[in-house]
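S.K.: One letter stands for each residue in the lines below.
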Amino acid sequence: MTLIAGLRAASYGVPFQPVGGVHGSDLARINGWQTVTDPYGSGQEVYVIPAIRPDVAIIHVNEIDEEGNARVYGSPFWDHPLTRAAKRVLVTAERRVPTDTLRKQPELTLVPGFMVEAVAIVPRGAWPGSMHPLYEIDYAAVEAYMKDEPGVLEAHLAAAPEARRTVNSQF
Amino acid sequence: MWTPFSYLVVNLARQIRPDEIAFSGVNSTLPMLACLLAKRAYDFRFIYINVAGGVEPVPKKIPHSSSDPAIVEGSPAIFANEDFYDLCARGRLDLVFLGCAQVDAEGRTNVSVIGSWHNPKVRLPGGGGAAVMLPTAKRVVTWRTEHSPRTLVDKLDFVTAAGNMAAVVTPIALFQRDAGKNGRFVLESWNPQVTLNEVAQRTGFKFDASGATPTPAMTRREHQALLDLDPEGEFAAEVRA
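Sequences listed follow chains A and B, in order. Each residue of the first sequence is one higher than the one before, starting from 1 at the first, in our numbering. Each residue of the second sequence is one higher than the one before, starting from 1 at the first, in our numbering.
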């Protein structure tokens, strides 16, 4: 929530963002978060979170066209605030579709192409995570990756869908 | 006969009240199951929303992760992260289930660090919005699968969040807290498979037990709903005694 507030400040182009709550949390002390008193006279003291402006946001989407217009089916989780706050946006996508497909339902486009710097078509690119509605979380792969043993990282990378296929960039 | 799993899920579900908007977050499989159980076992209406963006979801298969997009399935609307945080901040979330590593007698939580911040013994995942949600939700309920003096503590290593904590559920007890009184947890009820003395021994803070009663047994409908949600006992196996 305070992270979203920081991203929002960056999206809005302002140095900080007021946020509800936080009172009583040691996180304010550790992070040096300050409060401001409502300048319009309610007397409320509100925490303000400094802007968080990521250098790069990388998101994975369902479909993208050749202009970089990126469509997400289902829940966008953090994609909206993240792509608005970052200086640069990179997108990986399950597949490429014609722009005319996106024109039919523009409300499904989460990021317009003019905001996107580069794209790659990476089928099953969210693995071992899920991609609604195409595939679910690969819990077995996640569990194998969590083992603190030699060779685990190498085995995980070798099992990734993009490692088992030759990827042709279409852009 | 309670198992640690059934005691946790059913007693979490029993915290939901008619007409509430209830929310479950990340790493919150037990509250997710509790909300889905309440939909099946209780006749009253309430709204269930979750961290994946689900609003009144009707999932065909229950995911093991409470942030799996599968828990959005069947939703007539998607309510993204910034939406439910804002809903909470403006005072419209009635009941929020928030996890913790440690909880103290005043219902403050630590999800940040064991040991000191700058020299940690264990670095924990962090609050995930707890610092905003605990003080702004109308009521917050937490849970621990381990009931011990290191989880229900006299003093937190770090205060991640403080505010409107209303209850904590463990495999052996349900504590409730009224911020209007002295703000400390009181024992509401305990699992009759253990003694009251054991609850006190395993709790790191002192508490009033004068009004406590043994937890009422599972109803037939609660039991059936639990069987429907976890027919193979996979979720139950994830909660150790």
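Don't take every hint at face value.
As the list claims (entries may be wrong) - Only pairs whose alpha carbons sit at most 25 angstroms apart, straight line, appear in this in silico DMTMM-like list of lysine to aspartate or glutamate:
id: 1; chain 1: A; residue 1: K87; chain 2: B; residue 2: E234
id: 2; chain 1: B; residue 1: K206; chain 2: A; residue 2: D26
id: 3; chain 1: B; residue 1: K61; chain 2: A; residue 2: E143
id: 4; chain 1: A; residue 1: K87; chain 2: B; residue 2: D208
id: 5; chain 1: B; residue 1: K61; chain 2: A; residue 2: D38
id: 6; chain 1: B; residue 1: K61; chain 2: A; residue 2: D138
id: 7; chain 1: B; residue 1: K60; chain 2: A; residue 2: E149
id: 8; chain 1: B; residue 1: K121; chain 2: A; residue 2: E45
id: 9; chain 1: B; residue 1: K138; chain 2: A; residue 2: E45
id: 10; chain 1: B; residue 1: K60; chain 2: A; residue 2: D26
id: 11; chain 1: A; residue 1: K147; chain 2: B; residue 2: D208
id: 12; chain 1: B; residue 1: K121; chain 2: A; residue 2: E136
id: 13; chain 1: B; residue 1: K138; chain 2: A; residue 2: D38
id: 14; chain 1: B; residue 1: K138; chain 2: A; residue 2: E143
id: 15; chain 1: A; residue 1: K147; chain 2: B; residue 2: D83
id: 16; chain 1: B; residue 1: K155; chain 2: B; residue 2: D208
Claimed, not checked - In silico negatives: residues of chain A with every beta carbon more than 12 angstroms from chain B:
id: 17; residue: R8
id: 18; residue: R53
id: 19; residue: T99
id: 20; residue: R103
id: 21; residue: K104
id: 22; residue: E117
id: 23; residue: I137
As the list claims (entries may be wrong) - Sample of chain A residues at the chain B side, in silico, Cβ under 8 angstroms:
id: 24; residue: I4
id: 25; residue: H23
id: 26; residue: S75
id: 27; residue: P106
id: 28; residue: W127
id: 29; residue: S130
Keep in mind that the hints were calculated from the coordinates and are not lab data. Computed from a predicted model, the values in this text were never measured in an experiment. Glycine included, C-beta positions come from ideal geometry on N, C-alpha and C.
S.K.: If a hint holds in the structure, say so; if it doesn't, say that too.
M.R.: Cross-check of the supplied hints:
no. : hint            : verdict
1   : A:K87 - B:E234  : violated (44 angstroms)
2   : B:K206 - A:D26  : holds (23 angstroms)
3   : B:K61 - A:E143  : holds (20 angstroms)
4   : A:K87 - B:D208  : violated (54 angstroms)
5   : B:K61 - A:D38   : violated (47 angstroms)
6   : B:K61 - A:D138  : holds (15 angstroms)
7   : B:K60 - A:E149  : violated (36 angstroms)
8   : B:K121 - A:E45  : violated (34 angstroms)
9   : B:K138 - A:E45  : holds (19 angstroms)
10  : B:K60 - A:D26   : violated (41 angstroms)
11  : A:K147 - B:D208 : violated (43 angstroms)
12  : B:K121 - A:E136 : violated (35 angstroms)
13  : B:K138 - A:D38  : holds (23 angstroms)
14  : B:K138 - A:E143 : violated (36 angstroms)
15  : A:K147 - B:D83  : violated (35 angstroms)
16  : B:K155 - B:D208 : holds (18 angstroms)
17  : R8              : violated (8 angstroms)
18  : R53             : holds (17 angstroms)
19  : T99             : holds (24 angstroms)
20  : R103            : holds (22 angstroms)
21  : K104            : holds (20 angstroms)
22  : E117            : holds (24 angstroms)
23  : I137            : violated (6 angstroms)
24  : I4              : holds (5 angstroms)
25  : H23             : holds (6 angstroms)
26  : S75             : holds (3 angstroms)
27  : P106            : violated (17 angstroms)
28  : W127            : violated (14 angstroms)
29  : S130            : holds (6 angstroms)
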